[in-house]
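Listed here are the chains, written in short residue letters.
2 protein chains.
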Amino acid sequence: MKEKILLSYGSGGKHTFEFINNFVLKYFSNDILNQLLDSAVIKISDNTKLAFSIDSYTVSPIFFPGGDIGKLSICGTINDLLCVGAKPLFISLSLIIEEGLETEVMEKIFSSIKEVSEKENVKIVTGDTKVVQKGMCDKIFITTAGIGVIENNIDLNYNKIEAGDAVIITGSIAEHGCAVLLSRGAYGFKSDIQSDCASLKGLVEKVLASNYAQYIKFMRDPTRGGVAAALNEIVNKTKGISIEIEEEKIPIKDNVKHFCDLLGFDPLNIANEGKMLMIVSPTVAEEVVKILKQYHLGKDAAIIGKVVRDEKPKVVLKTLYGTKRIVELPIAEELPRIC
Amino acid sequence: MKEKILLSYGSGGKHTFEFINNFVLKYFSNDILNQLLDSAVIKISDNTKLAFSIDSYTVSPIFFPGGDIGKLSICGTINDLLCVGAKPLFISLSLIIEEGLETEVMEKIFSSIKEVSEKENVKIVTGDTKVVQKGMCDKIFITTAGIGVIENNIDLNYNKIEAGDAVIITGSIAEHGCAVLLSRGAYGFKSDIQSDCASLKGLVEKVLASNYAQYIKFMRDPTRGGVAAALNEIVNKTKGISIEIEEEKIPIKDNVKHFCDLLGFDPLNIANEGKMLMIVSPTVAEEVVKILKQYHLGKDAAIIGKVVRDEKPKVVLKTLYGTKRIVELPIAEELPRIC
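Each protein sequence line maps, in turn, to chains A and B. Here the first sequence is numbered in numbering that gives the first Met the number 0, starting from 0 and rising by one per residue. Here the second sequence is numbered in numbering that gives the first Met the number 0, starting from 0 and rising by one per residue.
Keep in mind the hints are simulated off the structure, nothing from the lab. Among the hints, a few may not be true.
Given that identical chains are not distinguished, each listed pair holds provided it fits within a single copy or across any two copies.
To be verified - Capping the alpha-carbon separation at 25 Å, the derived lysine to any residue pairs in SDA-like fashion look like this: (1) 113 x 33; (2) 138 x 98; (3) 305 x 281; (4) 292 x 302; (5) 25 x 106; (6) 122 x 21; (7) 25 x 99; (8) 107 x 35; (9) 25 x 109; (10) 25 x 107; (11) 3 x 134; (12) 292 x 212; (13) 113 x 26; (14) 256 x 182; (15) 118 x 29; (16) 138 x 16; (17) 138 x 17; (18) 48 x 148; (19) 25 x 113; (20) 313 x 249; (21) 13 x 97; (22) 138 x 20; (23) 133 x 186; (24) 107 x 22; (25) 122 x 46; (26) 122 x 158; (27) 238 x 152; (28) 122 x 22.
As the structure is a computational prediction, the values presented were derived from the model and not from experiment.
Input sequences plus hints: build the corresponding full structure.
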């Protein structure tokens, strides 16, 4: 640990994992936290298993093409609950607002929250509001915690993953991060890239309600740090496996690819806010993709790679040119306050 | 609603209630949220009733006599769960950190969190860390959400309160707010006032495990806005009652009284972080106080007043001089960022 907290500790990359593993877990280690799943899985009684998650949103700017901090905070928490197979039910909402923020801005944010929470049938059941003096925070930070119920027969975890499993992504990558960066206006050109910010509740529920539910091993939404961070975390938490993905199979929109090429960004490192990575048995992978493709949010779903046996866990990309390269955890903070 | 968000919207006083009632509930009204209890009470199944709470902590300074932002964030969430009679079990912890904060400061905060959560047997099960650029927040903000289980026979709510009930406070008032203000060093003198920041889990569990549990009608911890805000909220949410309290019965330490007298503060308006107001049947009030007094955190517990029938809900104080005055909801933000 450095002597001071670095911006990169919040990036979702290598420094975040070091911060969590070497610092957070040193203080708060316990069976549930140590799983480091997107939501904690807690047993309330023999018959009741809950998912519990929390996330703070500090995205800048607070409005961006395709969403805003309100929509992001609800969708993000819903998606984290979905990762462990839960049915998202209740959300608590805590606001830290900078004195002097226009009430009209609050109205827009609340409208977004209302719209997405009603559509997805999750209830905002409790909350808190703190207001700090001007200059003591940047407009508004929102923290959402969520509770979902996990059916008894569902148990998604790293230890289910095995060599041969297929890696599915539910759609095209890197849109959220690019949209937020573009909306900062710092690159001197315009683009029609929209954030993919969306709740995946409907989509994931379709898969979990299908005959293939029992073959779903693991899910993770590739947010901060992108697909690269999510897959690296999976190989690091699962014993004896690597993941190989193929560049030509990874869905990416032309405008996103173009933007990343221009600026030298690797789209694998860039945040998504409406995509899910699924690790599934190879026997049902094609069928799961077929289900996903029936829905708007899953229309570009694809099998992008597979799990292989390996003593040295790593993520390998087979490039368009047929070469292979290791996909590292992003190290530095390329994109602060992306969510 | 004003055109801009005011500091007082976060004060716990009149403006906070207007913000919640006229703005928040306009967007997010539902059966659970509308109760406006310290924790949401949610039914997961016929046999499982949970408490769910969230609070953001922006206290300044982050270290103060008697506690720090870490201890405060855990105790505050535990106490909110206790208010609805829950057994606090799980906490999620979300950090928003200013880039450059000394790691040593984080270590101290984490040590406090570890100490109190282990002592109170609540588990930190999930979390999130965001780091924002220097100047974009003030050192560190912590948001904690909590889950507790409510036994089926416990049902604390406004509708249980009736004329004749006694009002108990578990100890001396106004210490937290005074300690934080003093630690800002803005008043040119020193005092030995300590924040009362504490988890009330042990204390409240003793009462709920006693034969008198069924006679406990309602609990609220008088934090922001102090006893004045908490009691005003109770009379406003309960039909046809007022609350009368007696100044001479309200426990207050000499140093706190002196400090408030000097600065013209009403101690009834000042935040507590380790006290509980309990509304109980008059027949058991003395016995409940006896139980409380057996424990360190309840040694100054006292019956401070009673509930009376009244068409015009208000909180009335019988002063030391025998006169009566109405205790209003605090209006303006005397004490920003007290928690």
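Verification of the hints:
Only between protomers do residue 113 and residue 33 lie at most 25 Å apart by alpha-carbon distance; the minimum there is 15 Å, versus 33 Å within a single protomer. For the homomeric pair residue 138 and residue 98, the shortest alpha-carbon distances inside one copy (8 Å) and between copies (17 Å) are both at most 25 Å. For a Cα distance limit of 25 Å, the shortest separation of residue 305 from residue 281 inside one copy, 8 Å, qualifies, whereas the shortest one across copies, 68 Å, does not. Only within a single protomer do residue 292 and residue 302 lie at most 25 Å apart by alpha-carbon distance; the minimum there is 12 Å, versus 65 Å between protomers.
In the homo-oligomer, the alpha carbons of residue 25 and residue 106 lie at most 25 Å apart only across protomers (10 Å), although the nearest pairing inside one protomer, at 41 Å, exceeds that limit. Taking CA atoms no more than 25 Å apart as the test, residue 122 paired with residue 21 passes between copies only; the shortest distance there is 19 Å, against 36 Å inside one copy. In this assembly of identical chains, residue 25 and residue 99 lie within 25 Å of each other by CA distance solely across copies; the values are 21 Å between and 39 Å within a copy. In the homo-oligomer, the alpha carbons of residue 107 and residue 35 lie at most 25 Å apart only across protomers (23 Å), although the nearest pairing inside one protomer, at 34 Å, exceeds that limit.
In this assembly of identical chains, the alpha carbons of residue 25 and residue 109 lie at most 25 Å apart only when taken from different copies (10 Å versus 38 Å within one copy). For a Cα distance limit of 25 Å, the shortest separation of residue 25 from residue 107 across copies, 13 Å, qualifies, whereas the shortest one inside one copy, 41 Å, does not. Proximity of residue 3 to residue 134 under the C-alpha cut-off of 25 Å is found in both arrangements, the shortest distances being 21 Å within a copy and 15 Å between copies. Taking the closest pair of Cα atoms, residue 292 and residue 212 come within 25 Å of each other only inside a single copy of the chain (16 Å); across copies the shortest separation is 55 Å, beyond that limit.
In this homomeric assembly, residue 113 and residue 26 come within 25 Å of each other (Cα to Cα) only across copies, at 6 Å, whereas the closest approach inside a single copy is 37 Å. In this assembly of identical chains, residue 256 and residue 182 lie within 25 Å of each other by CA distance solely inside one copy; the values are 17 Å within and 53 Å between copies. When the C-alpha separation of residue 118 and residue 29 is checked against a cutoff of 25 Å, the pair qualifies only between copies, where the shortest distance is 14 Å, while the shortest distance within a copy is 36 Å. In this assembly of identical chains, the alpha carbons of residue 138 and residue 16 lie at most 25 Å apart only when taken from different copies (21 Å versus 28 Å within one copy).
In the homo-oligomer, the alpha carbons of residue 138 and residue 17 lie at most 25 Å apart only across protomers (21 Å), although the nearest pairing inside one protomer, at 29 Å, exceeds that limit. Taking the closest pair of Cα atoms, residue 48 and residue 148 come within 25 Å of each other both inside a single copy (6 Å) and across two copies (13 Å). Taking the shortest alpha-carbon separations for residue 25 and residue 113, only the inter-copy value of 10 Å comes in at or below 25 Å, while the best intra-copy value is 38 Å. Taking the shortest alpha-carbon separations for residue 313 and residue 249, only the intra-copy value of 18 Å comes in at or below 25 Å, while the best inter-copy value is 64 Å.
Proximity of residue 13 to residue 97 under the C-alpha cut-off of 25 Å is restricted to the inter-copy arrangement: shortest distance 19 Å between copies versus 31 Å within a copy. For a Cα distance limit of 25 Å, the shortest separation of residue 138 from residue 20 across copies, 22 Å, qualifies, whereas the shortest one inside one copy, 31 Å, does not. When the C-alpha separation of residue 133 and residue 186 is checked against a cutoff of 25 Å, the pair qualifies only between copies, where the shortest distance is 22 Å, while the shortest distance within a copy is 28 Å. Proximity of residue 107 to residue 22 under the C-alpha cut-off of 25 Å is restricted to the inter-copy arrangement: shortest distance 12 Å between copies versus 38 Å within a copy.
For the identical chains of this complex, residue 122 and residue 46 are neighbours both inside a copy (23 Å) and across copies (20 Å), given an alpha-carbon limit of 25 Å. In this assembly of identical chains, residue 122 and residue 158 lie within 25 Å of each other by CA distance solely across copies; the values are 23 Å between and 32 Å within a copy. Within a single copy, residue 238 and residue 152 get their C-alpha atoms as close as 24 Å, which meets the 25 Å cut-off; across copies the closest is 46 Å, which misses it. Taking the closest pair of Cα atoms, residue 122 and residue 22 come within 25 Å of each other only across two copies (17 Å); inside a single copy the shortest separation is 34 Å, beyond that limit.
Against the hints set out earlier in the document, no violation occurs for any number.
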